[in-house]
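Asks: In terms of this note's numbering, the sequence shown has 339 at position 37, counting the first letter as 1, and numbering is strictly consecutive.
Calculated directly from the structure, the hints in this document are not laboratory data.
Check the hints yourself; a few may be wrong.
Ranges of calculated distance between the beta carbons of each label pair, as one might list FRET restraints [stated by the list, open to error]:
1) Asn322 with Ala344: 16 to 24 Å
2) Gly305 with Gly361: 15 to 23 Å
3) Asp324 with Met356: 16 to 24 Å
4) Asp338 with Gly305: 29 to 37 Å
5) Gly357 with Asp324: 13 to 21 Å
6) Pro337 with Gly305: 15 to 23 Å
7) Gly305 with Thr340: 16 to 24 Å
8) Leu308 with Met356: 17 to 25 Å
9) Leu306 with Ile331: 16 to 24 Å
10) Gly305 with Arg341: 27 to 35 Å
11) Glu359 with Asp307: 16 to 24 Å
12) Asp350 with Lys319: 13 to 21 Å
13) Gly361 with Ala313: 26 to 34 Å
Computed from a predicted structure; not experimentally measured.
Built from N, CA and C at the ideal position, the CB exists for glycine as well.
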Amino acid sequence: MDGLDLTLLIAITEVLKKYNLDIIPHGDIIAIISPDKTRIAAFENIHDVSNFVMGYESGFKAGNLCSK
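Working from the sequences, and respecting the hints, build out all of it.
Replies: This is how it looks when you write it as structure tokens:
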């Protein structure tokens, strides 16, 4: 992960905090976990996470991860 990816990860983390979602980077996988810890979305790179977050912010609930 380079400096730009780290900056993006920090920005994404701030957005996810608004929805009580946890983000867990683990090796090559980045997971987003629902507030009740029963649902998870996993991504292979920070750019896929960014796309998910942009969609989530605009009201699209990918895979019904959690409700707004």
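Asks: Between the beta carbons of Glu359 and Asp307, is the distance compatible with 16 to 24 Å?
Replies: Distance hint for Glu359, Asp307 holds at roughly 19 Å.
Asks: Take the C-beta atom of Pro337 and the C-beta atom of Gly305, compute their distance, and say whether it sits inside 15 to 23 Å.
Replies: violated, 30 Å
Asks: Between Gly305 and Arg341, does the C-beta distance stay in 27 to 35 Å?
Replies: With Cβ atoms ~31 Å apart, the hint holds.
Asks: Indicate whether the distance between the beta carbons of Asp350 and Lys319 respects the range 13 to 21 Å.
Replies: The hint (13 to 21 Å, Cβ to Cβ) holds, given that Asp350 and Lys319 are roughly 19 Å apart.
Asks: State, for the Cβ atoms of Gly305 and Gly361, whether the hinted interval 15 to 23 Å holds or is violated.
Replies: violated, 31 Å
Asks: Taking the beta carbons of Gly305 and Thr340, is their distance inside 16 to 24 Å?
Replies: Because 34 Å falls outside the window, the suggested range is violated.
Asks: Is the distance from the Cβ of Gly357 to the Cβ of Asp324 consistent with 13 to 21 Å?
Replies: At 18 Å between Cβs, range holds.
Asks: In this structure, is the beta-carbon distance linking Gly361 and Ala313 contained in 26 to 34 Å?
Replies: Taking Cβ atoms as reference, Gly361 and Ala313 lie about 19 Å apart, which means the hint is violated.
Asks: Note whether the CB distance of Asn322 and Ala344 lies within 16 to 24 Å or breaks it.
Replies: Holds, at about 18 Å.
Asks: Does the Cβ-Cβ separation between Leu306 and Ile331 fall within 16 to 24 Å?
Replies: holds, 19 Å
Asks: With respect to the beta-carbon atoms only, verify the hint that Asp324 and Met356 lie 16 to 24 Å apart.
Replies: holds, 18 Å
Asks: Just tell me: holds or violated, for the beta carbon distance of Asp338 and Gly305 against 29 to 37 Å?
Replies: With a Cβ separation near 34 Å, Asp338 and Gly305 satisfy 29 to 37 Å, so the hint holds.
In summary, the structure is inconsistent with hints 2, 6, 7, 13 from the numbered list given earlier, while agreeing with the others.
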